[in-house]
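S.K.: Chain residues, written in single-letter form:
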Amino acid sequence: MAYSNKVLDHYTNPRNVGTLDKSSADVGTGLVGAPECGDVMRLQIKVNPETHVIEDAKFKTFGCGSAIASSSLATEWIQGKTVEDALKISNTDIVKELSLPPVKIHCSVLAEDAIRAAIGDWKKKHPQAEAAAMPAAETPTTA
Amino acid sequence: MSGNGHNGSDGNLPAGVKLPIYLDNHATTPMDPRVLEAMLPYFTDRFGNAASRNHQFGWEAEAAVETAREQIAKLIGATPKEIIFTSGATESDNLAIKGAAEMYKQKGNHIITAVTEHKAVLDTCKRLEKYGSKVTYMPVKPDGLVDLDQLNDAITDKTVLVTIMAANNEIGVLQPVEEIGKLCRQRGVLFHSDAVQALGKVPLDVNKMNLDLVSLTAHKLYGPKGCGALYVRRKNPRVQISAIIDGGGHERGMRSGTLNVPGIVGFGKACQIAQEEMPEESRRLARLRDRLRDKLAAQLDETFINGSMEHRLPGNLNMSFLYVEGESLLMGINDVAVSSGSACTSATLEPSYVLKSLGLGDDVAHSSIRFGIGRFNTEAEIDYVAGRLVEVVSKLRELSPLYEMVKEGIDLKKIQWQAEAH
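Protein chains in written order, with the numbering used here: chain B, 1 to 143; chain F, 1 to 422.
Calculated from the structure, these hints are not laboratory results.
Some hints here could point you the wrong way.
Cut-off 30 Å, straight-line C-alpha distance, at most; resulting in silico cross-link-like pairs (DSS-like, lysine-lysine) [as the list claims (entries may be wrong)]:
1) F:K414 with B:K125
2) B:K6 with F:K395
3) F:K119 with F:K182
If you want a taste of the chain F side facing chain B, the calculated C-beta under 7 Å gives, among others [to be verified]:
4) E281
5) E325
6) E327
7) S342
8) S346
9) P401
10) W417
Given the structure is predicted, the values throughout are model-derived calculations rather than measurements.
Cβ coordinates follow ideal geometry from the N, Cα and C atoms, glycine included.
Chain B on its own, in the form it takes in the complex (with noise of 0.2 Å):
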């Protein structure tokens, strides 16, 4: 299969690689897929108590080149954000950006999932911040 060049660059030179300290307060850890799958995503972000502004992203994924550009992008997407506008990335902007074919969508949704998962962790370690934001959480909308 032909791989867009976008996601050939997100493989060759994957951005924000690591780990954060997932028992630090403000850290947020997503980790989502299954090694049966063939995927799995995890995904971090250092939140800013104050501003709820992402001022740092890390991931580190098990899964196809794809997947790798997927989780690559999120981070790079997420970084500088506050955590509600993270919550407006969907899975059809990750697959416009990497010109995804339709049998590796799934892993821009679990991108997505990923995004959630590490500010829906977040959000547990910062009650008051859940309370205030939207209930768009819960129900998450495509912007």
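Got chain B; can you put chain F on it based on the hints?
M.R.: Same frame as chain B, but now just chain F:
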């Protein structure tokens, strides 16, 4: 991911290495130049139809076909009259299984095969099940071999055919064909074997192995695609099969249709070359394969060899690189042609059923790479590939959350994975 990028050579290639490198010889093989040379006249001046009985063009073609029959028969210890030409091993498998089921249906309707067979055998069996046959799909042991006692127990008085491949295309494992043949002969059932991957790589003898039907093809043996054969035993016992293609009665009524003369000539030549070169070649390939395996095992941890190393094709290595997914690995070594058992590399998004039947978890299948070393591969290529693979696996492990967790001592089996329904 690597300096070599996607244009291949960056000028730093070792001597004797040209990119891309082909290490997928179980999928198909490059044609041996000697085979091509033998075939060419049959496209140009000797273009006759081998069934044209009345002129020189036909006689010439027929003579060439008969020579090929002899060359192929010799490689498996058969006689020329026992070789039927087909369009390939898929057709041969269909013909053998459907043809035997039809011919012997008065005796019974039970067929035995194994879960690791090629789809050409499995799908044919599934179709026969739709028509009322009963099929037993035997499991295999973790090393990939069939259990002879289980096979013995599975045979009933309604069993007409056992079909077990001589060598597996994914894991290269060699089944105990001689023992299976002996058992089938004792129990009075026919024995068919898909010997596509075994032909010319390991010795085959239809009499020593009590084989009744054998599927063969040219393109795994440095011959042309589109040309296969089926061995059909004529003596002790005489085996008969119903044709699945009608029209003219060629090949003793078993397979109608004009013969692919150039293809057949090529097939014969490929077999003749294998006859002469097999002993030395299989030793050389095993050396290269072991060299690759040893280099990888020495420089990478958490690797796993799929299938028995003891009963294996000399040129096959199927290895899992745990915590790294197969398609991402292939992307990284894009200047080397190999294949993977990962779901992402299959058209159906299913991981390799052969690896699954060894009892391995899907994650091991997803991390597997199949190397098929062949006649034209060199030591320099093997060394280069080993180096690239170590590079890419290491880089991908830096990206792998699973590898990190394992190194921290976490038991992945205890994690509650949040998988969405795919």
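S.K.: Within 30 Å, alpha carbon to alpha carbon, are K119 of chain F and K182 of chain F?
M.R.: Within the cut-off at roughly 26 Å; holds.
S.K.: Taking 30 Å as the top limit, are the C-alpha atoms of K414 of chain F and K125 of chain B close enough?
M.R.: Given that 30 Å is the threshold and the Cα spacing comes to 24 Å, the pair holds.
S.K.: Taking 7 Å as the limit, does the beta-carbon of P401 of chain F come near enough to a beta-carbon in chain B?
M.R.: Holds, about 4 Å.
S.K.: Can you verify the interface hint for S342 of chain F: is its Cβ closer than 7 Å to any Cβ in chain B?
M.R.: Holds, about 6 Å.
S.K.: Hint S346 of chain F vs chain B: min CB-CB distance below 7 Å?
M.R.: With a closest approach of 10 Å, the S346 of chain F hint is violated.
S.K.: With chain B as the partner, please determine if E281 of chain F meets the hint condition of a C-beta pair closer than 7 Å.
M.R.: Nearest chain B Cβ about 34 Å off; hint violated.
S.K.: Report holds or violated for the interface hint on E325 of chain F, using the least CB-CB distance to chain B and a cut-off of 7 Å.
M.R.: 5 Å, holds
S.K.: Would the hint linking K6 of chain B and K395 of chain F be met if the CA-CA limit is 30 Å?
M.R.: 19 Å, holds
S.K.: At a threshold of 7 Å, is the proposed contact between W417 of chain F and chain B supported by beta-carbon distances?
M.R.: This interface hint holds because 4 Å falls under the 7 Å limit.
S.K.: Holds or violated: is there a CB of chain B closer than 7 Å to the CB of E327 of chain F?
M.R.: 4 Å, holds
Checked against the numbered hints listed earlier, the structure breaks hints 4, 8; every other hint is satisfied.
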